[in-house]
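Novice: Now that you have both chains on their own, put them together as the hints suggest.
Chains as they are written, first to last, in the numbering used here: chain R, 1 to 358; chain F, 1 to 318.
No lab work stands behind these hints, which were simulated from the structure alone.
The hints are all genuine.
Derived pair list, reagent style DMTMM-like, types lysine to aspartate or glutamate, alpha-carbon separation capped at 20 Å:
#, chain 1, residue 1, chain 2, residue 2
1, F, LYS72, F, GLU82
2, R, LYS184, F, ASP34
3, F, LYS158, R, GLU294
4, F, LYS123, R, ASP326
5, F, LYS229, F, GLU210
On a predicted model such as this, the values are computed, not experimentally measured, just so you know.
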Amino acid sequence: MASVQAEPIAVSAAADSGPWRLALRRLRRNRVALGFLGLFVAIVVFVIAAPLWADHVAHTGPNATHTLERITVGGEKRDVVNPEGKPLGPQWFGAGGKFFLGADSRLGRDEMVRLMYGGRTSLIIGVVSALITTILATVLGLLSGYYRGWTDSVISRAMDVLWAFPVLLLAIALGVSLAIGGLKIGPVEISGGSIWIPILIIGVVMTPYMARPLRGEVLALREKEFVEAAVAQGAGSLRVMFAELLPNLWSTIIVFFTLNIAGNMLLESALSYLGVGVQPPNSSWGTMISTGSELITSAPLLTIIPGTMILLTVLSLNVFGDGLRDALDPKSKVRFEARAGVAATGAAGTEGLEELGR
Amino acid sequence: MGRFVIRRLLGTVLVLFAVSVLTFLIFNVVPNSDPAQRMAGKNATPELIASINEEWGFNDSLPTQYVTMMKKIFTGELISYEGREPVDERIVEGIPATLSLCIGAAVIWMFFGILFGYLSAVKAGGWLDTTLTVVAVAGISMPVFWLAAILLNYLAYKTGIFPSQGYVELTENPLDWAYHLVLPWVTLAILYLGFYSRVLRSTMLDVMNEDYVRTARAKGLSERRVMRKHVMRNSLIPIVTLFGLDFGALLGGAILIEKIFNLNGIGQYAEEALANFDLPPIMAITLYGAFFVVLFNSLVDIAYAYLDPRIRLGESAQ
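Just chain F, same shape as in the assembly (with noise of 0.2 Å):
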């Protein structure tokens, strides 16, 4: 067990240093992206450029360049070429808005993806299944932005029933932090309640063949018992297996849903920095992005290692 989570977090690293590589490549092979030529704005005089290039040395080899940017990310004195803001002080203002966002709609799309999944499952065929399995795939279906601008538009510009856009912080006002958060949670919670509920339904529906449920109702319980006790709780597994990778996933920030209501955390950034191609900034949110998705990828595998030695002995499913 011990050797398997070595191995596992070893990889996380390898996997880490690869996509910082990756990241740093696809912005320094583009042509007409040189920071220097964006920095000094359009009427840049040849000298003012190469003072530039010298200062924050674009000029090195691209294999210094990368170590130097790294070990600003490292020590947190990183700096972005659009605006020369401490970055890592951007990202940290950003969490807040993002942590908020990803737990909220993480609690909504539980509650009512779980609560769909098992009514589907338990009235499978029948029509409160089909309502739901629609309601469920179109959720799935739909463009996210899409949504929101609707959203948006009938809820908030039109009718001024919630804030059109803008956070505010918990510790402000929570009544008026919640306020602002309703239609960003409700939008992205849509997306995968949907898949929560399909995922749930099936595998419901897979367990309710298992032999020790038939056991279980050859004994004599109750159904709502036999589906509580007994289909439910091997049921969920998954589901939180599921709930773990995407919210690492989301943590990285929600860059569509962030941007449109303006909530001003790490994905609206990621957002800016790409436009602009602010490279520092682009670094430093995408290894934090990739390190939480790394991370709870491992811790996934690892419980998994933990639960079924099956996994630790079988060597190449890693």
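Extracted from the complex, chain R is given alone in its bound form (with noise of 0.2 Å):
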């Protein structure tokens, strides 16, 4: 059965606090969480800031390229592209900040300008698709949680057939087909190329990892007195559903929220990697990972920066979203898996760990 039971927080601190400030208290005391939530600030403020680098320091676009072209620095002329096709290594302020990091491959793009835009298209994907897991993850745990019988045998039925996928082989599959084609529903069409493709994908793909431990939570929240009270006084579901249930469910929903970030993330790069992510000429580092890797016995760095990025973006989401957890929820038992990603054809639920009712 479903885990957990929302109990009180035991009051020791002021009574008058709520538990939200009672989190935020413990949230503060946890170094590790706020150092790691400083550092995934950080890699937001650098991805904000491309277009400052781009224009200003760079003088070049993400896509442009400088095959042929020549650069000065420190009074030497250097090819952006050598005639053995080694790209340029880092130059750092060498030539006044342009390929900081050296160029990206023969077509002789700005490493560092890459890396910026890419991050966002990386960082945009994850946020994107984690709303739209959430969202559609609360909807169908809300209602087959609350309704039970056969809404929630349907909508079981439908999250047991997405989680026996193999997750990365459903993803691959639906990226393969989509990224030809592109997606018409209605009047709305998205093109192949467009990053909509990856998003949506990655967004329906992971509903299932958090729409099954958010049910379990609401089968135990409803047997509550609080949801008794709230009938009795002539609520109709809709209301107990998103005025009464949804409430109990916030604390677990942001943490799931930020670990499925992270979780998102990798799958993008993985996808992005296998060509069937993020197209060209849109970068991600994903995709920056997989030019990359064509030259890694030449030039390493190409492969080792993007992935750096992804490590240290991913790192502090997973640890700040336990700091949070352990900050809303210390006895928690619910899991989240973030690492359909990572896992090489699917990941396994924890399921079976949460109905070990412990």
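Specialist: Written as structure tokens, this is what we have:
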């Protein structure tokens, strides 16, 4: 059965402070979590600053090629791409910030500029797809946990089917087919190269992993007295779900959302690496690893740098998400797995863990 | 109990059916993926395309095509569009590599996952715990193909300590087999290791607060005995569950790792087929992979129902 009982938090602190304030206080004491939140904010600022760096320092765009050009570093002329096809290494501020991290490939694009713009794509995909997953999972979890019966059966079976698919296989299959043809839902038309394709794929594919634990929590919550009280006062189903149950789910949802961004970014990088995520000329950290790894023996930095950015971003979200869970609900047993993109073909669930009724 | 098992297994069959239909649909409603066009090549005459359509039954209605394909899957007569080779032969060829990869990696991640988790929990809050936590979370947070590429570059291409690619049959040369698999094993294990040690750590910390642990301490058992006999034993249940599920999912092939290390397993075959829009192998591999996922899911559920009657009675929680 569902594991979480939202136990009243031990009110040893000030009796007048609400649960959110208590959580904030606990979070503030968690230096590690705050430190990693700081790292995440720094990464967000880094990618937001992309146009500034591109226009005022590097003087080039993320997709501009400089294959045959030469730059002057300390009075010495250097090829952006040498005759053997090897791109320029990091120049730091040697050329006034041009090719700060060198060129990206035979195309001679500015690696630093691509890294900043690619990070935007990666983060946007991670956050927007996590929003989609969270909204879908919350609505589905509320509906199936509240109504139970056949509503629950239909939703749970549908989730089972998505769950049974090896995650990466399903995402690749959708990626392969949608990247070519694009998508047309009624009046909305999405072209194959749009980043909405990976966003939608990831958002949908990850839904069951969040919907299942949420459903379990709703199942447990709806037996509580406050639900009974609301029903006795004549509250309708919608009101009970969204005004009574939902507020009790917020802490779980916020934690899941944070961890989901991390998992989705990893899935995006895997899809882009396999060529079925972000399509050229757009770049993401995943596509940059893919281009970089072709030159890994001669220019390993081109692989190491974008991968490190993914690692730092995902790490900061994971650590902060963990801290958030500890702060919001120290007794929480519900786990959300943010590793579908990590696991080879699929991530199995921990549902069994929750069902153990520890 | 009997009814529970039957209902669970029936559900499994339905889920697999839905998976197969969904896969079939994904690849049949896609524009530009006309298989006859692809098979005929770039400069195909309309006659050639028409004859391929006729020969392979692409003119039939979708339900008919679906039924034909499913029949062929179960009789092992499935032929791929690309290269026109028997699909089941390729899958059978891929099994040893995938299985070797999964088992070896599983041994490593279980051993170190449990070791790290145990040490973290026993020394909770200390520097060892912090270090292991950092290592574990970092392992979970990196893209697997990236780690693989970097390990390959520095341990294979640059220094030649390990062979860079390929798979050697165990029966051919056991030493060479292991030698070729060390890097893929380690890469795959690093991913899971972190997760397992984290789960074990948090479960152990919960169990340590249980009454029976207090009782064990109170009756004067040594700390080591309390940990091993009472805490560890009860904390391993979720780990074993998790392992069942993860291992089941992995048997469907580790797409990224197999591709990077060129192991020619099932995952790599799946990736090739996907890149070529080659529906027959995609169908077969998806079903094969999904089969293991639902099988291990059901096994875990049934094992629980056997161990804990509350689950059997609680209808809605399947």
